[in-house]
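**Q** Sequence:
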Amino acid sequence: MILNIKGDVDNITKRQLEFISDVLSKQRIVVNNVVIENVGEKGDNYGSQVKRIKVQYKNGGEFKMIAKVRPDNMKIQNQTVKSVFINEIIMFNEVLPKFKELQENVFVPKEDLFQYPLCYGTLDERDNEILLLEDLSVSNFFTLDKLKPLDNDTVKLVLNNIANMHSLSCVLRKKEPQLFNKILDALFHPLFHPNNMTKTRIFLENILKDFEAVFETSRYRNIIVDIMNVLVNASMELMSSDSKSKYSVIQHGDLWTNNIMFLIQVCIYVFPTNIQSLTVDNQKLMCTFIDYQLSRDSLPVSDILYFIFTCTDYKTRLKHYLNWMDFYHSELDRHLSYFDLKVDDVYPRQNFDADLKRYAKPALGMSFFVLNFSLRSPQEAPDLVMANIDGTEQIPQFKMGALSDKTFETINERVEGVIESCFDFGYLTDVNRI
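Just so it is clear: in the sequence shown, position 37 is 37 by this note's numbering, and no numbers are missing.
Hints listed in this document are in silico derivations from the structure and should not be mistaken for laboratory results. Remember, it's a predicted structure, so these values are computed and weren't measured experimentally. Accuracy of the hints is not assured; some may be wrong.
[Said to hold, decoys possible] BS3-like, lysine-lysine: derived pairs with alpha carbons at most 25 angstroms apart:
# : residue 1 : residue 2
1 : Lys357    : Lys406
2 : Lys156    : Lys146
3 : Lys244    : Lys98
[Unchecked claim] Simulated restraints on C-beta separations:
# : residue 1 : residue 2 : range
4 : Lys342    : Asp424    : 24 to 32 angstroms
5 : Lys14     : Asn181    : 35 to 43 angstroms
6 : Ser241    : Pro97     : 45 to 53 angstroms
7 : Lys342    : Leu179    : 35 to 43 angstroms
Glycine included, each C-beta is placed from N, C-alpha and C at the ideal position.
Starting from the given sequences, assemble the full structure and let the hints guide the process.
**A** Below is the structure:
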C-alpha cells in the first residue's frame, strides 16, 4: 500500500513511493503524515536529487530520513551508461557494513570506529534507483561553507577519517581477498569507464571551452589547458597500471567540503552556522563522509590529493602539507595496528611518496574541474543537461552561466594556488614556474 505522501514528489516515481511506503511500514508504527521536501541548493549535487522525508506518527512521534533519487535528466535509455547509484548502493549494502564488522570483531574503541549514515533501504531498479539514509542533521551534524578553505585542524580531522577508511580496505584485502576483488570489480568511475570514453572526451572538451574563458587571464593558462587536454589519458594509464595492485583501496572518490559532515559533541542550543574553523578546546570533534557515488578501486593518494587540492588554500598547504602527509601515514599505521598490521608492510612510506608524485598531475586536473564548479554561488551554478551525440547516444553537458568578478577571482586564485603547491612539492617538473 502506498502511503499518502505529499510535498515535492513530482520527480519521484510510483515505484519509489511504494518503496518508501514499504520501508516506513516495517517500523510498525502507524503513520499520520509524510511530507517530502528538497534539500540543498543548486550546484550542491549533480549526481542525484536529495530529498528529506518528514514522517509524523499518530502517537506524536517524528522521524526524518534522506532520500537520494536519480535526477530526471539522467534517466536515459543508453544501456552502456551505468548509474553511479549502483556504486553507492554497493557501498551501503556491502562495503560499509563489512568495515563495521571488521572493527567490531577486534573491539576497536568507539572513538575510532568508522562512522557512516544508517541505511534504511536501497532500490537498484533502473530509473527507480533510490537510497534511504539517516538524516544526520537530526544529530546536529553540519557541513561547512564550501566557498571557504579548510584550516589545519579540520584537515587533520578529515585525514584521520580517510586513513581509517583506507585501513579497513587494507584489512579486507588481506583477510578476504576474494570479496575485496569482487567489490573492486563491481565499482567503477563513470568518467573513466572504458565503455564511456567517447562520451567522456566530448564531455571534457565542452568543459575545457568554458575553462579557457574562466582562465583566459591566468598566468598559468597554458598549464591548465595542457593538463586538462591529457587528463583522460593520464587517468586511464594510472587506473590501468594500478588496478587491483597490492596497495589498492576502496576510495571515497569525491571528498570535497559538501561531502563531509561535522559534529561538535557539546551541548549547543543554536544550530551551528557559518562555522569554518573547528579548533575547539575541551570539546570532542568528529566527521563523517557522505555521497559514495564515485567510490572505486584506486590508491590511497587519490583520495588525499583530491581532498587537499580542492578543500585547502595555498598558504595553509605551504605551511602544513608535509606535516599532513606525515600525519596521514602515521594515522594509517595506528588504525592498522588494531588488526596487528604495520604500515611499513601494507603501504611503505617510500611507495606513498612516489605515488603522490605519480598521481599529482591527474589530481591537479580534477581540482581544476571541481574548483570551477564548487566555488560558484547557487545563482552561478551551471545546469546539467543531456545532449544528443548522433541521435541515439546522450551525454551530460554543463550549461555555464556568467560569473561575478569576485567568483572569477576566487576560482583563479585557488587554481593558481594548487599549481603553485605542485611546484613547491616537486610534482610539476616538466613545465616552468612563472
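**Q** Now look at each hint and say whether the structure bears it out.
**A** Verification of the supplied hints:
1. In summary, the hint linking Lys357 to Lys406 is not supported, as the alpha carbons are separated by about 32 angstroms, beyond the 25 angstroms threshold.
2. Distance restraint check for Lys156 and Lys146: the Cα-Cα separation of roughly 17 angstroms lies within the 25 angstroms cut-off, and the hinted pair is therefore satisfied.
3. Between Lys244 and Lys98 the alpha-carbon distance is near 19 angstroms, which keeps this suggested pair within the 25 angstroms criterion.
4. Look at Lys342 against Asp424: about 30 angstroms separates their beta carbons, and that is inside 24 to 32 angstroms.
5. Judged by the Cβ atoms, the range 35 to 43 angstroms given for Lys14 and Asn181 holds: they are separated by roughly 38 angstroms.
6. Under the hint 45 to 53 angstroms, the C-beta atoms of Ser241 and Pro97, about 31 angstroms apart, miss the expected range.
7. The hint said 35 to 43 angstroms for the Cβ distance between Lys342 and Leu179, and at roughly 23 angstroms that hint is violated.
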